[in-house]
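Chemist: Could you build all of it, start to finish, from the sequences and the hints given here?
Chains X and Y are the protein sequences, given in the same order.
Just so you know, we're using the numbering used here here: the first sequence kicks off at 1 and counts up by one.
Just so you know, we're using the numbering used here here: the second sequence kicks off at 1 and counts up by one.
Simulated from the structure, these hints should not be mistaken for laboratory data.
Just to be clear, a hint being listed does not mean it is correct.
[What the hints assert, rightly or not] Below, computed lysine-lysine pairings styled on DSBU-like, alpha-carbon distance capped at 35 Å: (1) X:K161 / Y:K25; (2) X:K70 / Y:K25; (3) X:K70 / Y:K170; (4) X:K161 / Y:K137; (5) X:K161 / Y:K170; (6) Y:K167 / X:K108; (7) X:K27 / Y:K145; (8) X:K70 / Y:K167; (9) X:K161 / Y:K167; (10) X:K115 / Y:K78; (11) Y:K145 / X:K247; (12) X:K247 / Y:K144; (13) Y:K170 / X:K97; (14) X:K31 / Y:K144; (15) X:K148 / X:K94; (16) Y:K145 / X:K70; (17) X:K161 / Y:K16; (18) X:K161 / X:K70; (19) X:K94 / Y:K167; (20) Y:K170 / Y:K16; (21) X:K135 / X:K220; (22) X:K94 / X:K135; (23) X:K27 / X:K137; (24) X:K94 / Y:K145; (25) Y:K23 / X:K94; (26) X:K108 / Y:K137; (27) X:K27 / Y:K156; (28) Y:K25 / X:K247; (29) X:K31 / Y:K156; (30) Y:K12 / X:K27; (31) Y:K164 / X:K97; (32) X:K108 / Y:K16; (33) Y:K78 / X:K161; (34) X:K206 / X:K220; (35) X:K97 / Y:K145; (36) X:K97 / X:K135; (37) X:K115 / Y:K12.
Listed below are the residues making up each chain.
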Amino acid sequence: MNSNRYLIFLGCSTPYRVSSYEISSRKVLAKLGVELVEMPEFNCCGLPFDPVSHETMLILAAKNLALAEKEGLNILTLCPGCAGTLRKVNRILKEDKTQRDMVNSHLKEADLEFKGTVETKHLLQLLKEDVGIEKIKASVTNPLTALKVAEHNGCHLLRPKEYFDFDDPEDPETLNALIEATGATCLDYIDETECCGAPSVGVSDKVALQLARDKLNHIKMVDAQALITVCPFCHIMYDTNELRIEKTFNEVYGIPIIHYPQLLGLAMGLTPEELAFGDLRVNPQKVINLAQGAHINHE
Amino acid sequence: MAEQAAKPSSQKEPIKASELDPKWKYELQKLHGAEGLMRCFQCGTCTSDCPVARFTDNYRPRTLIHMAQLGLKDRVLKSDTLWLCSACFTCTDRCPQDVEVASVIRVFRNQAAESGCVPQVFRDQAQSLIETGYAFKIPELRLKKRESQGLPPLPKGNPESVRKVLKGVKFFEPKQEPIPNEQQ
Ligand code: SF4
Ligand code: SF4
Numbered sequence: 001m002n003s004n005r006y007l008i009f010l011g012c013s014t015p016y017r018v019s020s021y022e023i024s025s026r027k028v029l030a031k032l033g034v035e036l037v038e039m040p041e042f043n044c045c046g047l048p049f050d051p052v053s054h055e056t057m058l059i060l061a062a063k064n065l066a067l068a069e070k071e072g073l074n075i076l077t078l079c080p081g082c083a084g085t086l087r088k089v090n091r092i093l094k095e096d097k098t099q100r101d102m103v104n105s106h107l108k109e110a111d112l113e114f115k116g117t118v119e120t121k122h123l124l125q126l127l128k129e130d131v132g133i134e135k136i137k138a139s140v141t142n143p144l145t146a147l148k149v150a151e152h153n154g155c156h157l158l159r160p161k162e163y164f165d166f167d168d169p170e171d172p173e174t175l176n177a178l179i180e181a182t183g184a185t186c187l188d189y190i191d192e193t194e195c196c197g198a199p200s201v202g203v204s205d206k207v208a209l210q211l212a213r214d215k216l217n218h219i220k221m222v223d224a225q226a227l228i229t230v231c232p233f234c235h236i237m238y239d240t241n242e243l244r245i246e247k248t249f250n251e252v253y254g255i256p257i258i259h260y261p262q263l264l265g266l267a268m269g270l271t272p273e274e275l276a277f278g279d280l281r282v283n284p285q286k287v288i289n290l291a292q293g294a295h296i297n298h299e
Numbered sequence: 001m002a003e004q005a006a007k008p009s010s011q012k013e014p015i016k017a018s019e020l021d022p023k024w025k026y027e028l029q030k031l032h033g034a035e036g037l038m039r040c041f042q043c044g045t046c047t048s049d050c051p052v053a054r055f056t057d058n059y060r061p062r063t064l065i066h067m068a069q070l071g072l073k074d075r076v077l078k079s080d081t082l083w084l085c086s087a088c089f090t091c092t093d094r095c096p097q098d099v100e101v102a103s104v105i106r107v108f109r110n111q112a113a114e115s116g117c118v119p120q121v122f123r124d125q126a127q128s129l130i131e132t133g134y135a136f137k138i139p140e141l142r143l144k145k146r147e148s149q150g151l152p153p154l155p156k157g158n159p160e161s162v163r164k165v166l167k168g169v170k171f172f173e174p175k176q177e178p179i180p181n182e183q184q
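Modeler: Encoded structure:
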C-alpha cells in the first residue's frame with residue numbers, strides 16, 4: 001500500500017491542543033511530495049472510549065474507516081493512538097464476522113458500511129516505508145550535526161506488537177533512523193520505550209507526573225538537548241507539564257520537547273516560524289540556535 | 001458522581017466465601033480480549049514490568065487477574081485502582097502465557113462502567129463526543145485560528161450521525177440522550 005497520496009485523519013487531540021504538530025507535519029510532507037487529501041468528515045477514532053465501552057470504540061473506529069473507504073484512499077494519522085485503533089479495528093472486523101455484523105448493524109443507521117478496504121499508517125511508518133530514509137536524507141539542506149537528542153516513540157506506535165508490526169517494540173529503530181537522517185545524533189537512554197503517563201492524567205495526576213519525570217530524568221542523564229516525539233498526547237504530557245514537574249519534584253530540566261517534523265523541517269531549511277516553534281511551552285531557542293548554527297560550526 | 005470513582009478499596013478486608021462469584025471467570029472468558037484469563041499462572045511478569053505499578057503501591061495487574069480467577073467480582077469492579085492502568089500494553093506484549101493483560105483490564109473497566117462506576121474524565125469525553133463528534137470540545141476560537149495558521153478547516157465531527165451509530169450502546173443510554181444545541 002505504499003503511495004504518496006493519503007487521506008489525513010487528524011484525530012481530536014492534535015487540532016485541540018497541538019497545532020504545531022499538524023503545521024510542521026503538513027510542511028515537511030509537502031516538501032517530500034506526499035499529497036494529503038482532507039477527510040470530508042470524521043469523528044473521534046474511538047480509543048478514549050475503549051476503557052468504558054469496547055463496543056463504542058469498535059463502532060467509532062469502523063465509522064471512520066467506512067468514511068475513508070468511500071473516498072477510496074488509505075489513511076495517514078499523526079497520532080499513534082488513532083493509527084493503532086484504526087489498524088486494530090480494521091483487522092478485528094475483517095477476521096471476525098460476528099463483530100463485523102454487530103458493528104455494521106450500527107453503521108447502517110448512518111448509511112455506512114465497513115468493508116475493510118483501506119489501510120492506516122502513522123506518520124512515522126509513512127516516512128519509513130513510503131518516502132524512505134534515503135529520500136529524507138536527500139531533502140536535508142541544513143544537517144543538524146550539532147544536535148544531540150533523545151527519542152520517545154510512545155506506546156501505541158509499538159504495542160501491542162500483534163497489530164503494529166513495522167518496528168520492534170522492545171528495541172525500536174525507525175524514529176532513531178529518521179532522527180539521524182537529519183544529521184542529529186540520537187542518544188540511547190534507560191527505559192526508552194516507557195509510557196509517558198498521559199492516559200493516567202485525570203485519574204491520578206500524581207502517577208502520571210511521576211512517569212513523565214522518570215523519563216525526563218533518564219534523558220537528562222545522557223545530556224540530551226531535546227526530546228523528540230511523534231504523538232500529540234506524549235507531546236502534551238512533557239511539554240505542558242515539564243515546568244510543573246520541575247516545581248513539584250524540585251528538578252531542573254529545561255529540555256525542549258520537539259515534534260519530529262519540526263526537527264526534520266529545520267534540517268530542510270524551513271524557518272522556526274514556518275514550523276510553529278513559537279507554540280512550544282518549553283523554550284526551544286537553544287535547539288534552534290544549535291540547528292541554525294550547525295553548518296557554520298562545521299565548515 | 002465523583003465518589004463513585006473514588007470508592008475506598010476494600011481489598012484489605014478478609015475474603016468471605018459468600019462474596020465469591022465462581023462463574024464470573026467463565027463470563028469474562030467469553031468477552032473479546034479476556035479469552036486468555038485462565039491461562040495466567042501468576043508469574044508476575046506483568047506487574048514487574050508495569051510502569052504504573054512502579055509508582056503506586058496499590059496497582060498490581062497480576063493481583064487483579066488473580067482476583068478475577070478467584071471470583072472476587074465486586075472487589076475488582078469497585079477497586080479504585082482499576083482506572084490507573086495507562087493502557088501501555090507492555091504487559092500484553094510480555095506475558096509468557098499470552099494473556100492479553102491490558103485487554104482483560106479493559107474488560108473489567110467496561111463492566112465497572114456499565115454499573116456506573118467510572119471516573120469523571122470519561123463522562124466528560126462521552127458528553128463531548130455526542131455533542132461534537134470529537135472526544136474534546138475544541139473551542140470555536142481554535143477552529144477559527146486554523147485559518148490564520150494556514151491550516152485547512154477541521155472536517156466536521158457530524159455528532160448527529162455519531163449519535164445514530166451509537167444507538168443501543170449501553171454506556172450512552174439512557175442517561176445521555178440527544179443533547180440540544182449541537183456544535184459542528
Ligand atoms: S504476565 Fe501473564 S501469566 Fe504472568 S502474572 Fe501476568 S497475566 Fe499472569
Ligand atoms: S497496560 Fe496497564 S497494566 Fe499493563 S503494563 Fe501498562 S499500565 Fe501496567
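Chemist: Take a quick look at whether K94 of chain X and K135 of chain X sit within 35 Å of each other, Cα to Cα.
Modeler: 34 Å, holds
Chemist: Check the hint pairing K25 of chain Y with K247 of chain X against an upper bound of 35 Å on the C-alpha distance.
Modeler: With a Cα-Cα distance of about 45 Å, the restraint between K25 of chain Y and K247 of chain X is violated, given a limit of 35 Å.
Chemist: Holds or violated: are the alpha carbons of K94 of chain X and K167 of chain Y at most 35 Å from each other?
Modeler: Given that 35 Å is the threshold and the Cα spacing comes to 23 Å, the pair holds.
Chemist: Does K135 of chain X lie within 35 Å of K97 of chain X when you go C-alpha to C-alpha?
Modeler: Violated. K97 of chain X to K135 of chain X sits at ~41 Å, over the 35 Å cutoff.
Chemist: With a cut-off of 35 Å on the C-alpha distance, tell me whether K108 of chain X and K16 of chain Y pass.
Modeler: 48 Å, violated
Chemist: Sort out whether K144 of chain Y lies within 35 Å of K31 of chain X, counting only the CA atoms.
Modeler: Holds: K31 of chain X and K144 of chain Y sit about 26 Å apart, inside 35 Å.
Chemist: Would the pair K164 of chain Y and K97 of chain X pass a check requiring their Cα atoms to be no farther apart than 35 Å?
Modeler: Holds - the C-alpha atoms of K97 of chain X and K164 of chain Y are around 22 Å apart, at most 35 Å.
Chemist: Given the proposed pairing of K206 of chain X with K220 of chain X, does the C-alpha separation stay at or below 35 Å?
Modeler: 21 Å, holds
Chemist: Going straight from one Cα to the other, do K12 of chain Y and K27 of chain X come out at no more than 35 Å?
Modeler: Between K12 of chain Y and K27 of chain X the Cα gap is close to 56 Å, so the pair fails against 35 Å, i.e. violated.
Chemist: Taking only the CA atoms, is the gap from K70 of chain X to K170 of chain Y under or equal to 35 Å?
Modeler: 29 Å, holds
Chemist: Just to be careful, I want the Cα atoms of K135 of chain X and K220 of chain X compared with a cutoff of 35 Å; is the pair within it?
Modeler: 32 Å, holds
Chemist: Regarding the pair K115 of chain X and K78 of chain Y, is the alpha-carbon distance no greater than 35 Å?
Modeler: Since the Cα atoms of K115 of chain X and K78 of chain Y sit roughly 39 Å apart, the hinted pair is violated (cutoff 35 Å).
Violation of the numbered hints given earlier is confined to hints 2, 10, 15, 17, 24, 28, 30, 32, 35, 36 and 37; the remaining hints are satisfied by the structure.
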